[in-house]
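Take the given structure of chain A and dock chains B, C and D to it, following the hints.
Just so you know, the protein sequences line up as chains A, B, C and D, in that order.
Residue numbers for the first sequence follow the numbering used here, so the first one is 45 and each next one is one higher.
Residue numbers for the second sequence follow the numbering used here, so the first one is 45 and each next one is one higher.
Residue numbers for the third sequence follow the numbering used here, so the first one is 5 and each next one is one higher.
Residue numbers for the fourth sequence follow the numbering used here, so the first one is 5 and each next one is one higher.
Hints listed in this document are in silico derivations from the structure and should not be mistaken for laboratory results.
Source: prediction; values computed, not measured.
Hints should not be assumed to be uniformly reliable.
In silico lysine to aspartate or glutamate, DMTMM-like type, Cα no more than 25 Å apart, as pairs [what the hints assert, rightly or not]: (1) A/Lys160 x A/Glu319; (2) B/Lys160 x B/Glu244; (3) C/Lys105 x A/Asp390; (4) A/Lys47 x B/Glu441; (5) B/Lys47 x A/Glu441.
So you can see what is in the structure, the chains are spelled out below.
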Amino acid sequence: MIKRLLIANRGEIAVRIIRACRELGVETVAVFSDADAHAPHVLAADAAVGLGPPPPRKSYLKVDNLIDAARDSGADAVHPGYGFLSERAHFARACEEAGLIFVGPPSSAIERMGSKVGARRLMQEAGVPVVPGEAPEDQGDRALIAAAEHVGFPLLVKPSAGGGGIGMKVVRDLAALAPAIAQARREAQAAFGDGTLYIERLVKRPRHVEVQIFADAHGAAVHLFERECSVQRRHQKIIEESPSPALTPALRARMGEAAVSAARAAGYRNAGTVEFLLESAGDQARFYFLEMNTRLQVEHPVTEMVTGVDLVHAQIRVASGEALPWTQSSLAQRGHAIECRVYAEDPAHGDLPQAGRLLMYREPQGPGIRIDSGVVEGSEVSVHYDPLLAKLIVSAETREAARRRAVEALGRFILLGVRTNIPFLLQLLQHPRFVEGAIDTGFLDREGASARQALSADVPMAALAAAAYRVAPDRPAGRGSANPAADPFMTLAGWRG
Amino acid sequence: MIKRLLIANRGEIAVRIIRACRELGVETVAVFSDADAHAPHVLAADAAVGLGPPPPRKSYLKVDNLIDAARDSGADAVHPGYGFLSERAHFARACEEAGLIFVGPPSSAIERMGSKVGARRLMQEAGVPVVPGEAPEDQGDRALIAAAEHVGFPLLVKPSAGGGGIGMKVVRDLAALAPAIAQARREAQAAFGDGTLYIERLVKRPRHVEVQIFADAHGAAVHLFERECSVQRRHQKIIEESPSPALTPALRARMGEAAVSAARAAGYRNAGTVEFLLESAGDQARFYFLEMNTRLQVEHPVTEMVTGVDLVHAQIRVASGEALPWTQSSLAQRGHAIECRVYAEDPAHGDLPQAGRLLMYREPQGPGIRIDSGVVEGSEVSVHYDPLLAKLIVSAETREAARRRAVEALGRFILLGVRTNIPFLLQLLQHPRFVEGAIDTGFLDREGASARQALSADVPMAALAAAAYRVAPDRPAGRGSANPAADPFMTLAGWRG
Amino acid sequence: MTTLTLRLDGREVVARVDVSGQVFIDDQALMVTPSGDGLYLVSDGTRRWPVAVAASGDTCWVSIGGQVAVIEVESGRRRTPRRKSVRADALMAPMPATVVKVLAEPGQTVVEGDTLLVLEAMKMELPVRAPRAGVVGAIRCTAGELVQPGIALVDLE
Amino acid sequence: MTTLTLRLDGREVVARVDVSGQVFIDDQALMVTPSGDGLYLVSDGTRRWPVAVAASGDTCWVSIGGQVAVIEVESGRRRTPRRKSVRADALMAPMPATVVKVLAEPGQTVVEGDTLLVLEAMKMELPVRAPRAGVVGAIRCTAGELVQPGIALVDLE
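Only chain A is shown next, with the shape it has when bound in the complex (with noise of 0.2 Å):
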C-alpha cells in the first residue's frame, strides 16, 4: 500500500483525497501557494510544502517543484486529482520517471486519449461508436461535398486541428455547404496553421452521458454506469445525477460495455470517465464516443452515491497494486443521486466569477446530504483559482425526491461574503424541463434567460427586516424577550390569519 501520497492540487479534491488517506492509514502531503498557506486542505494534512506564489502556473502547475516536493517530503506517490497537471501526460511521465507511484493511469493511456484524432481511430477500431463522419485524403471541395452527401445534413463542418469550436459550422443544407467549407478552412488556417477539415453528423438535441470506467494492473475492469450531464454551458457541467432519466437498462448495459471496451483499448488502469453524446432516449437511443477523461472527475460523488462505493479509496488501492475491489456483478445502481456545483460567480451578471472574504459560510447537514467543499468561514476565494467552492451531493430513493432534498439543502445552504450561483442553481432546480428529466446539452442556452430573469425577484421584507435589525445600533441584546413562550409571534396567535 502507498504509504505518503503527495496531492497535486488544492480545493474540494485535495481535502476529499486526505480525508480518504486517513481512513487509509496513509500519510499526506498537501501542497499550497501563498494564497493558500492557510486553505483547509493544508490544514488537513500531515504535512505541507509550499509551491510558490498564487498564479498556477508558478505554483500548482509547477512540475518540478512539485516532483521536488514528494522527494523531499518522503512521498511514495502523487494523486494529481481533476484539473491542473492531471490530464498532462508529461505530468504522469515526470512522476513514473521519479519513482513515484502516479494515482491515475499510466502516462501512454493519457498520451493516447489525449489525442482527438488518435482517440477516435482508437475507438472506432474498438468497435466503439463515434459520430458518424468523414476526414477526406483530398481535402479539395469536391471531395469534401461528397463526404458531406455521404454524412447526411444536418452536419458539422471542423478543423481536424484544435478544438473549442473554432471554426466550427453547422451547415443544414446542400446550398449553404460550400460557402461554410471556404470559411472554416480559412479559421482553421488561420488559428491552427492547419485548414484540414472534418465532415461529421450534427447530433440533435444531445445529452452528455458519461460512464465511470475502472481497471486495474491485473487485467480486470469494470464500469460503474452512468452520469447525466447535460445541464452545463460552454462545456462547463452545473447540475450532474446518476442514473440518467435517459437511459433504459439496456442501453445502459450497452453503453455500459462500450465504455469498458474503450478503456481496454486504451490501455487504462485506474479510474477513468467515457463520456458519450447521447441521442434521443430509450432502448432505440444512439450514443457516440465524445472523449476520455483519464482522470477523476470533478461529479465522481454522484457516482459514489448510487453504487456505494469509494472511488478514491479504491484509486488508492488500485493504484498500490491491489485487485479492483469490485466485480462488475458486484456492482449496482440504488437510489437517486444529484450533485449541484456551486460556484463563486454571479448568475444575475454573465456568471462574471467573484472573488473575496467568506463572511459566513453555513454546510446544511442532514439525511442524503454530502458536502465536499474546499473552504471554510472566513476563507478567502481568490481569483487565481476555478470558482468551484464546494459540491452539493444528495441522494435519495427517487429523482424527486432527490431533487426536492437538493432544493431544501441548497435553500439552507448559508454563504456570504462572495455572490454564488446557489439562487440560479434553485431556479434550475425547480424548471419544469429539469423536473421531467427532458434536459440536454442545449437547455441552458435555451432556458437560462429565463431562469435568470427569475431572479431578480424581489427581495422578501424579512430579509430587510433582518438587516435593518443587525446594523441598528440599539436593537436588543441577548436572544430575544426574557419570556419567549409569552412571545405573541412564537405562539402563532394569528396563524390561520
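Relative to chain A, chains B, C and D alone:
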C-alpha cells in the same frame, strides 16, 4: 397526504422530522419549552408553539397542551419522535380522539406491546421464540423449584411485575435456588406489592439484535433487516451498526420473518422495532423476543444507510394512508453503517451528564458521514433533557472501512464547552473486541473500565501550546507570518528528522 | 427607535427599529429575534422566516431560503437616492482580475459598447466596454497588472 | 515574551509565548499558526497538529484529534500549585441538578464515602459522598431544589 404536522418532540429527532417534512411539502409545527425557545428545531419549523416551563412534565409531556397546540396551529397530524410520549398509548389515543393522525401505530398496538407479560404471550401464540421460562400458577417454593429444574441452570428468578432489574437473581445451581427465591419474593413484594415470581433461562453472553419492521394500513408488512446494538450500558445504547457481525443470511431471514410475524400479531402499523436477544452466532444461533419498540428508534439511521430508504418519509406517507413504498424483495442491505451517539457526559467521571454552553461546535463532513444533531454553536445544553447532542452515522463498503471512517470523523468532531463521550467512543471503536465484532451486551461492563483508563492519557504538548498561544495577550495578530512559504515549519525542512 | 435607510437594486427603503426588536418597513411591522451566531428569526405574526445576516461595514449580506441580498444600510433617512447622483466617470474592475490588453488610448473618441480593455479572471476573458459615448481620459492600468474591484481603470470624459 | 501557567489534571506547566507565535514548554519549542475561526496549526518542525481552542475567561477548551483538555491559563509563573492549597470545605454540585434527598444533618459525624445527599439530573441519581471523615456543617440546599455547579450544598468541617 398530511398537510401540517406537529412534532411533539425536541432535539435532533425533531430537526430530522422537520427536514423530512420540508422535502415532502408538509408544513411543520414545532413545540418548545421555555428552555428551548431558540433551539434549532424551533428555527427549522414553519411555526412553533410554546408549551411551558423547562421540566418535561410541565411541557413536552403535557398531553393537553400538545393537543391544544395541534388544534390551534391547524395541524392535522402529530409525530411523537422517540422518548417523551412516543410509547404512551394514552397520548396516541388522545390524538386519535382529537381527529389527529398519529404518525405511529394505533394506540391499541402500543397498549398491546406495552405489557411485558401480554406481549410475551402474544409472541408465543404467533410462533415467535421467547426466552424459555415458566410462571407457575402455584407460587409455592416446591412448584418454583420444579419449574427451575424444568427450565435448567443457569437461570433467572424474576418478579413478574415491574422491571429495571429489581428483584432479579441469577441462579447457577440448585443449592442457590431456595435462598434466591425467598429473597426475590421479598424484594418483589416490597417494590411492586406483588411477590409473583417467574423462572427464565439465562441467555449467556447475549447480543442485542433488533429488526426494523414497517407495516401499512393495507395489510402489507416488511422488515428492513437488523441492527446490532450490543454496545450498551444500563440499557443505554452507545454504538449501533448494521449488518450485525453475528448474522448469517439464513439467520437474518429467520429473524426477519419472526419480526414480521410479531408485527402482524400486534396489529401493527407504521415503523417499529422488534428487539431480540441473540445467543451465539451463525446459522445455529438462537434468538428470543425481548420487546417491541412501537416508534421510530434513535438508531434508525443505520438502517437507512444500508437500505437506502428514508424511514421518516415512509412514516409520513404510511400515516397518510399510502401503501408501503417497498416490497420485501425490493429491500436489500448494502455496505455497512455505524452510529455513534454523542452524549454530553463525562466519561472520565462516571459518565456524569454535563450541562453548559457549546463554546465551539463543528461537525465533520465528507463522503459517508451523516450527522443528525439538535444543537449549534452557542446552544445551551440543559440539565432537563436527554444528554444526546448528536448522532454521527457513517457508512462505507465494509465494516472495517466504516469503523475507520467513524474514528476519523469523530477525531474531527469539535465540541467544546461541555464534556462529551467522544474520547470514550474513540476508545471503544478501536477496542480489539469491537474491531473483531466480538461484542455482547456485557462488553461495556467488562471492558468499559480499561477503555476509561486510557482516557487519562497525557494531553499532547500541542494542546498546551495552542491554549497558551490563544490566551497570550501579545500574540501576533492575523494569520501567521506574512510569507508563509518561507515559514520553515510549513515547508517541512525537518520532515525526515 | 432608530431610522435607517436600506439601499438595494437601485431602490431605497426606510426602516425603523424599536428597542423591542420590532422593525417597521412601509406599513408592515416585523418582529426580529436573534437566535445566535448570525441567525435571526423574522415573523410577521402569521409566518416566520429564518434569515442569516453577515455585516461588513455598512454592507449587509442576507441569506433567506437560498436567496441572497446585498443591502447597504445607512443611519437616518436620505432624501436623494444615491444611484441617480453617481456619474460613471471612471470604469472599474468588476472583480479582481489581470489586465490582458489595453485597447483604448487617451483622447480617443468612443461610442457606447466599444471595448476599452480586456481583463482575465478565473480562465475567463472579460471585456470592459464604454457605457456611453465619450472621450477616453487617463488610462490607469497596464497589461499584466493585477487589479482590484472598485479601482478606476480608465477615465471616460 | 509572555509567561503563562497552565493548569490541568492537577499538574502545572509553564509556557512562554514569543511575539512570532513560538511557544516554549519545558525544553520544547512549538510554532502555533492561527488559521482562523478558532483553529490553530501547531508544529514542532517535523510533525503538525490541527488544534481547536475555545476560551471562556481563563479556561481554555482544547480539542485535538478527538481528545479534549480543559486548561486553566494564568499570567505569570506560580510558585505553589493551587490544587494542593485548596481544602474541600464545601461539597459542590458537579452539574446542574435537582436535589432528591438530603440525608445528612448538621452536626452529624460522617466517614469517608458516606452519602450526604442525592441529586438527580438527566434521569440519573447522583449520590454526593463525603470525601473524608468529618462533621457535617451547614446544609445549604433542600429537597426539590434545582442547584447549579460550583454552589456549596453541604459544609464538611
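Structure-based check of all given hints:
no. : hint                : result
1   : A/Lys160 x A/Glu319 : holds, 13 Å
2   : B/Lys160 x B/Glu244 : holds, 14 Å
3   : C/Lys105 x A/Asp390 : holds, 23 Å
4   : A/Lys47 x B/Glu441  : holds, 22 Å
5   : B/Lys47 x A/Glu441  : holds, 22 Å
When each numbered hint is compared with the structure, no violation occurs for any of them.
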